[in-house]
Amino acid sequence: MAVEQAKSGRFIDNLGKVYALYTLGFLAFFALMAILERMGMGAQAIGIGFLLFTIGIYAVIGWLSRTAEVDAYYVAGREVPALYNGMATAADWMSGASFVALAGGVYFGGYPYLGFIVGWTGGYVLVNSLLAPYLRKFGCYTVPDFIGTRYGGNTARLCAVIVLVVASFTYVTAQIDATGTIAAQTLGIPFELGVWLGLTGIFICSMLGGMRGVTWTQVAQYIVLIIAYLVPIIWMSNKQGFGIIPHFSYGDAIGRIAELEAMYGLAPAAEAIPGVSVLTTPQNEPTGKGWAMVSLAICMMAGTASLPHILMRYFTTPSVRSARRSVGWSLTFIFLLYFSAPALATLTKLQLLDPNLATSIIGKSFEEVANLEWIKHWSSVGMLAVADQNGDGILQLNEFFMRPDIVVLATPEIAGLPYVISGLVAAGGLAAAMSTADGLLLAIANALSHDLYYKIIDPKADTARRLIVARILLLFIGAAGAVVASLKLTGILGAVAWAFDFACSGLFFPLVLGVWWKRANTAGAIAGMIGGFVAGSWYLYMVYNGLMEPWWGIDHLRFGIIGMPVSLVCMVVVSLLTPAPSKEIQDMVDEVRIPSGKPILASHH
Amino acid sequence: MSSTDAGARERHWEKTRNLNTLVMILWVIFAIIIPWMAGPLNSITFLGFPLGYYMCVQGSLIAFVAIIWIQNFRQDQIDDEFGVDE
Numbered sequence: 001m002a003v004e005q006a007k008s009g010r011f012i013d014n015l016g017k018v019y020a021l022y023t024l025g026f027l028a029f030f031a032l033m034a035i036l037e038r039m040g041m042g043a044q045a046i047g048i049g050f051l052l053f054t055i056g057i058y059a060v061i062g063w064l065s066r067t068a069e070v071d072a073y074y075v076a077g078r079e080v081p082a083l084y085n086g087m088a089t090a091a092d093w094m095s096g097a098s099f100v101a102l103a104g105g106v107y108f109g110g111y112p113y114l115g116f117i118v119g120w121t122g123g124y125v126l127v128n129s130l131l132a133p134y135l136r137k138f139g140c141y142t143v144p145d146f147i148g149t150r151y152g153g154n155t156a157r158l159c160a161v162i163v164l165v166v167a168s169f170t171y172v173t174a175q176i177d178a179t180g181t182i183a184a185q186t187l188g189i190p191f192e193l194g195v196w197l198g199l200t201g202i203f204i205c206s207m208l209g210g211m212r213g214v215t216w217t218q219v220a221q222y223i224v225l226i227i228a229y230l231v232p233i234i235w236m237s238n239k240q241g242f243g244i245i246p247h248f249s250y251g252d253a254i255g256r257i258a259e260l261e262a263m264y265g266l267a268p269a270a271e272a273i274p275g276v277s278v279l280t281t282p283q284n285e286p287t288g289k290g291w292a293m294v295s296l297a298i299c300m301m302a303g304t305a306s307l308p309h310i311l312m313r314y315f316t317t318p319s320v321r322s323a324r325r326s327v328g329w330s331l332t333f334i335f336l337l338y339f340s341a342p343a344l345a346t347l348t349k350l351q352l353l354d355p356n357l358a359t360s361i362i363g364k365s366f367e368e369v370a371n372l373e374w375i376k377h378w379s380s381v382g383m384l385a386v387a388d389q390n391g392d393g394i395l396q397l398n399e400f401f402m403r404p405d406i407v408v409l410a411t412p413e414i415a416g417l418p419y420v421i422s423g424l425v426a427a428g429g430l431a432a433a434m435s436t437a438d439g440l441l442l443a444i445a446n447a448l449s450h451d452l453y454y455k456i457i458d459p460k461a462d463t464a465r466r467l468i469v470a471r472i473l474l475l476f477i478g479a480a481g482a483v484v485a486s487l488k489l490t491g492i493l494g495a496v497a498w499a500f501d502f503a504c505s506g507l508f509f510p511l512v513l514g515v516w517w518k519r520a521n522t523a524g525a526i527a528g529m530i531g532g533f534v535a536g537s538w539y540l541y542m543v544y545n546g547l548m549e550p551w552w553g554i555d556h557l558r559f560g561i562i563g564m565p566v567s568l569v570c571m572v573v574v575s576l577l578t579p580a581p582s583k584e585i586q587d588m589v590d591e592v593r594i595p596s597g598k599p600i601l602a603s604h605h
Numbered sequence: 606m607s608s609t610d611a612g613a614r615e616r617h618w619e620k621t622r623n624l625n626t627l628v629m630i631l632w633v634i635f636a637i638i639i640p641w642m643a644g645p646l647n648s649i650t651f652l653g654f655p656l657g658y659y660m661c662v663q664g665s666l667i668a669f670v671a672i673i674w675i676q677n678f679r680q681d682q683i684d685d686e687f688g689v690d691e
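Same order as they appear, the protein sequences are chains A and B. Reminder that position 160 of the first sequence reads as 160 in the working numbering, one-by-one numbering, no gaps. Reminder that position 76 of the second sequence reads as 681 in the working numbering, one-by-one numbering, no gaps.
Calculated from the structure, these hints are not laboratory results. For glycine and all other residues, C-beta sits at the position ideal for the given N, C-alpha and C. Just so you know, not all the hints are guaranteed correct.
To be verified - Covered stretches of chain A, going by a simulated chain B footprint (3 or more residues, C-beta under 8 Å):
1) 113–123
2) 332–338
3) 452–462
One chain only, chain B, in its complex shape:
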């Protein structure tokens, strides 16, 4: 499949967009909702930490690193599938 094929491009972009939407949802959860909820989450203990505090200083950060690597892995698969990798 050549990268100039309009239909293939359309589908490639659709998959890319869906992947991005998923990433944005995860981002909102870990970057906004969970830090905002730190108060209530603090009543739970995790590894000896109050959970809300733990998420703000480590948990969400670990999630960000994982999200980026997994997204890139998946995006590479999508690019390969449509033959638009370099």
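Bound-form chain A, shown alone:
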């Protein structure tokens, strides 16, 4: 053990060097692939090369981070520096939904979908000021650990475990779905096989090292995913004359798209094709849609502050101050991708629509478009379709069908970039989906092994047994996630939005009031968790199945708007009707509010 600690100490001291070398290595690999493409290496081989190279590296990191200690397994030994925890959180955070589906959402959904952009960044202001530093001071291993200790009693702990499992499991199926889609696409294998292959990669990162393995692979995955997201945008921007960094100069494109949309007309398709859609929502038309945008943003923000796989990342820093600082780094790194996604959506749309650009397809002859290489490629897998429905021989805007999820993946081909960029983007998407799936699976397995098994079922279990249980649970939950993912119940973005809604309905107020309202007690917290979660789930069920008209335009993506107020009211009313928490608990809350002193829960609790 001493040897292992000395080794990990050296690793921590050399993080900068290790990851700088890794980044250079990845760039060198990218350059090598680009040269091989010039020399005539096929697209398929390049794709396989990218996936195998990156997964191979993650596997090596996972193996080197293996551990048999509880602290290392649950909270990476609480020694992750703020900067690296920021990167790991960013990878943990940016899922297949952010990487693969977000730009597509902006492309097809227009202004209301900007709620995802604002929501998935603004939530960190809540995390930073309301929760992260206080939960770090608490010293818990998992989020239900906080609920269980602050409110006391196994019922509160169990409620938190249930909400956590439902929210995270919904989320993880979407990630495994994304992993499978990318693996299947790139390797040319069936989707079901891709799902299981992706899952194997996910296990390699998380099984042996728990939180420690996941942390160091997530840092590596962040580096891959941010390079993979920015390179195509910058490349495309230079081709279109928007300068080296398009982010501050694509304003004109917004106006140009509005002109083009008016010119072509945003009519629905004459005949819908299942699974793919035509563009019907204008890029920038906010009038009268403020509520749709803001209600989505509120759910995403509160969900950010309640999703356990994010909160638990802040348990891994050495101190309260570094937990806060790492929230700052997290959002800085996340910001890099989120302020790029709308730029990508805009530039891609311009590529397709603007007749002055060589890549445009709308308004061209149908014959010519249907024979384009990328159209054939993506049509063959059912993710895109062109159909001359009005029979005029010209492709109209409402005759071009696309699955929103593929906008990012297909962009390099649309823009006519070399295939090596597509391989890079596939590796980035895989990194994004895998890193989030790791974090989520670990959050679920840890809650079940620590809170359900160790704290409730068998408090006498020894370390070895606890860690074996944790790993077995990880295997089963991952497998269950893969089975559900292969059923393809909803799109990626939809499933992710649900996860946020579940989390904020059940957990947001019990967590926040646990720190900010001393009077909150056990009965109130239980009422808040059950009330919010049940109300939100009921509303989702009714609206999604069309049993009821949505209230005030709150559709199934935004059911947290129903769950959260119910949760708040239940929690406050029940707390006030029942006796105040004991002096002990109130002192504990006081203690949480200052950074100094010992954590509330001892190490190895």
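Following the hints, position chain B against chain A.
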């Protein structure tokens, strides 16, 4: 001043709470009010963008990053002042 001094703790928490209230107000402005007002704001042009659109895709995001770093800087000062840093 020791961190067990009840009066000092009280004042530390009061300052922390005030800082948080300010942050929450800024959060409401940038995360809710401005995005909601995107329509009217779009009549203003900023860096070539319609301002409402710009705020939703960049402006508010930049504000969030700045809010977090500045809040943390200020919170560190408060912790140091009352001697409750680690």
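The hints, checked one at a time:
| no. | hint | result |
| --- | --- | --- |
| 1 | 113–123 | holds (count 7) |
| 2 | 332–338 | holds (count 3) |
| 3 | 452–462 | violated (count 0) |
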